[in-house]
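Peer 1: The lines below spell out each chain.
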Amino acid sequence: MSEIDLPIAAPTIDKVGLRAVGLAAIALPVLAGPFLASEYWINAIIVPFLILSLAGLGLNLLTGYAGQLSLGAGAFMMVGAYATFSLQLRVPDLPLPLALVVSGLIAAALGLAFGIPSTRIKGFYLIVSTLAAQFFFEWLFLKFPWFYDGNSSATIALPRGLTVFGLNAETPHGRYYLTLGTVLLVTLLSFNLVRSQTGRNWMATRDMDTAAAVIGVPVVRAKLQAFAVSSFILGIAGALWAFAYLGSASVQSFGLSRSYQILFIIIIGGLGTIRGAYLGAAFVSLLPLALDWLFQHLFSGHVDAGLLQNIQKGIFGLLIMWFLIKEPEGLARLLGVKLPARRRLFPSSQT
Amino acid sequence: MSMFLETLIGGLLAGTMYSMVAIGFVLIYKASGVFNYAQGSILLFAALTFVSLTDQGVPAFGAIALTIALLVLMAITIERLLLRPLTNRSPMTLFMATLGLSYLVEAVAQGTMGSQVRALDLGIDDLPIFLGDIMISQFDLVAAGVALTLGIALSLLFNRTRIGIQLRGVADDTRAALSLGIDINRIWQIVWAVAGIVGLVAGLLWGARQGVQFSLSLVVLKALPVLIIGGFTSIAGAILGGLIVGASESLAETYIGPFLGGGITPWFAYALALVFLFIRPAGLFGERQIERV
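Top line first, the protein sequences correspond to chains A and B. The first sequence runs -18 to 332 under my numbering. The second sequence runs 297 to 589 under my numbering.
Derived from the structure by calculation, the hints contain no laboratory data. Among the hints, erroneous ones may be present.
As the list claims (entries may be wrong) - With a cut-off of at most 20 Å between alpha-carbon atoms, the simulated SDA-like pairs for lysine to any residue come out as follows:
| hint | chain 1 | residue 1 | chain 2 | residue 2 |
| --- | --- | --- | --- | --- |
| 1 | A | K124 | B | Y551 |
| 2 | A | K294 | B | G306 |
| 3 | A | K124 | B | P554 |
| 4 | A | K103 | B | A415 |
| 5 | A | K103 | A | A185 |
| 6 | A | K103 | B | P554 |
| 7 | A | K124 | B | I575 |
| 8 | A | K124 | B | G559 |
| 9 | A | K103 | A | Y226 |
| 10 | B | K326 | B | W563 |
| 11 | A | K307 | B | G557 |
| 12 | A | K294 | A | A271 |
| 13 | A | K294 | B | V404 |
| 14 | B | K326 | B | F454 |
| 15 | A | K103 | B | F391 |
| 16 | A | K124 | B | E549 |
| 17 | A | K294 | B | F426 |
| 18 | A | K103 | B | N384 |
| 19 | B | K326 | B | S511 |
| 20 | A | K307 | B | I448 |
| 21 | A | K307 | B | L377 |
| 22 | A | K294 | B | L514 |
| 23 | A | K294 | A | R314 |
| 24 | A | K294 | B | N384 |
| 25 | A | K124 | B | R376 |
| 26 | A | K307 | B | S386 |
| 27 | B | K326 | A | F105 |
| 28 | A | K294 | A | L316 |
| 29 | A | K103 | B | I575 |
| 30 | A | K124 | B | Q509 |
| 31 | B | K326 | A | A271 |
| 32 | A | K103 | B | Q509 |
| 33 | A | K103 | B | G410 |
| 34 | A | K294 | A | L275 |
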């Protein structure tokens, strides 16, 4: 055996069988989750975690893959929520899943509109456009009672509750499967999208748009596509956040702090990775719980709630700086999940 | 006509307050290429420290000296622990790092000094002055004077002192400045400290206006359109941008607002900035970036 005698054939393990076992190992607890977890865990932790992952995924396509920094994630979530409310109220014949898709499309159209400045301006200057969206929609949805149907508290809630094709999804399990189904579907689509020509165009634009333009990447189209797709996903995430998690929402549910939260999710999780959105969302939803628990045990509940909030905020800030310094690629890298560079993924990347 | 003039002058004077916040950003951006999101929270921190010290019975000058000392210490710490490890990272990374920094500074400021609204009295009477039949706020006039003085002082610092020349050198070409033996880390510390002091001045004026509270840190969002219009790299641009934003904001609220149901100030400046960007992508005084592939 010489030293350069590399193994030519991979060790003979039945790959298909292995993958099936692996998939089953993940799928079983995910599907059976609601029967293992308590109601509190589903309502207060798992459902928001899934929705935040979805929102993180949406923003990650725009900021992590296409390199367009956005501080307006909350704005497009807001659009999705208010559009779903309007559709359910004014077009009662449209079932909820379709209303979600149409709301996503509305958010996509508006995202496209606010993405137009990106064709002319770059970098920081772009945060003006997304912040403009944030403040404009906050003003719009609060100013005109039509958007919240004149409700005295200016909040929105689904007129007929969560019903999916006649099935009541108002129970914890219903909410769980509704969000899980949406998240899985969108994740599959995103996986394929970033491996397609569109995704490659996005990454080329992110890495250096002048160079990308020189080699013939349609930079303008790529940027606008990224804005539209990202807003589509954010819109759906916003609708789910409002109706599958909160139950009733207002403009404040999607304020600037929500936008930052989504941005932090993808920074901590890992810019430009799909799984980063999940890791970041898990981190963001679990950290406050962990800190709560820690302080409960350390000081047995003698800490002032306001102080606790500030401590949480400070730790958050520290972690963000620490991540950017030590691990710019986020948790996705830190956890060392090494995936094969080229994988078959239905239906694209059929090598 | 007098109503128009009154709105315009009021807007211009309010605009100088925006300028002052914007100048803090310009300083840091010029010297280190960082869009410092934390400027707003540093402003809050400075104003809150000052108020807390005077509440403890420290005389005003002592409080200012102590606050400045704290700001300088903070600048050195930030440079050591945050900027130095992030040297040569992308501007976006640096921006997001300052976003994290702003969380930390806000948390420290509010955690140690409380989050209730604190009154701040600078001893400036806010009696209106009448010029003919135009009413002008005296406080705004003083604030405008302070902003102007600050602008002049900073341009003197930049153009007439040794440190200023080094600063401009770093801003112009970091690598050339380094090879000439300019201590870039010290320059960063100085710039962050000066920006902190500018933040203190702006924070005191804003704080006297609306009370020292958390919302002070949100003036960063007011300053952003100002920066866009004036350009990230020019102090004159920041002042002019502030005037433009202040004047057009108050004119728009008076003349366009009623047609849209009012309350359009939160987003109007942004819409204006977008219009400017379409015409001049690098702002009025900004430097156009040349990209090489």
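Peer 1: Evaluate each hint against the coordinates.
Peer 2: Here is what the structure says about each hint:
1. K124/A with Y551/B: 18 Å, holds
2. K294/A with G306/B: Outside the cut-off at roughly 37 Å; violated.
3. K124/A with P554/B: At roughly 12 Å apart (the allowed maximum being 20 Å), P554/B and K124/A satisfy the hint.
4. K103/A with A415/B: 41 Å, violated
5. K103/A with A185/A: 15 Å, holds
6. K103/A with P554/B: 34 Å, violated
7. K124/A with I575/B: 30 Å, violated
8. K124/A with G559/B: 8 Å, holds
9. K103/A with Y226/A: 35 Å, violated
10. K326/B with W563/B: Violated, at about 27 Å.
11. K307/A with G557/B: 49 Å, violated
12. K294/A with A271/A: Cα-Cα ~14 Å, so holds.
13. K294/A with V404/B: 9 Å, holds
14. K326/B with F454/B: Distance ~11 Å between K326/B and F454/B Cα, so the pair holds.
15. K103/A with F391/B: Within the cut-off at roughly 14 Å; holds.
16. K124/A with E549/B: 15 Å, holds
17. K294/A with F426/B: 47 Å, violated
18. K103/A with N384/B: 19 Å, holds
19. K326/B with S511/B: Given that 20 Å is the threshold and the Cα spacing comes to 26 Å, the pair is violated.
20. K307/A with I448/B: Violated, at roughly 40 Å.
21. K307/A with L377/B: Holds: K307/A and L377/B sit about 12 Å apart, inside 20 Å.
22. K294/A with L514/B: With Cα atoms ~16 Å apart, K294/A and L514/B stay inside 20 Å; holds.
23. K294/A with R314/A: Given that 20 Å is the threshold and the Cα spacing comes to 24 Å, the pair is violated.
24. K294/A with N384/B: Distance ~27 Å between K294/A and N384/B Cα, so the pair is violated.
25. K124/A with R376/B: At roughly 46 Å apart (the allowed maximum being 20 Å), R376/B and K124/A break the hint.
26. K307/A with S386/B: 14 Å, holds
27. K326/B with F105/A: 14 Å, holds
28. K294/A with L316/A: 24 Å, violated
29. K103/A with I575/B: The hint holds at about 14 Å.
30. K124/A with Q509/B: Given pair K124/A, Q509/B is violated - Cα atoms ~26 Å apart, limit 20 Å.
31. K326/B with A271/A: Outside the cut-off at roughly 41 Å; violated.
32. K103/A with Q509/B: Outside the cut-off at roughly 33 Å; violated.
33. K103/A with G410/B: 39 Å, violated
34. K294/A with L275/A: 15 Å, holds
When the structure is compared with the earlier hints, violations turn up for hints 2, 4, 6, 7, 9, 10, 11, 17, 19, 20, 23, 24, 25, 28, 30, 31, 32 and 33 and for no others.
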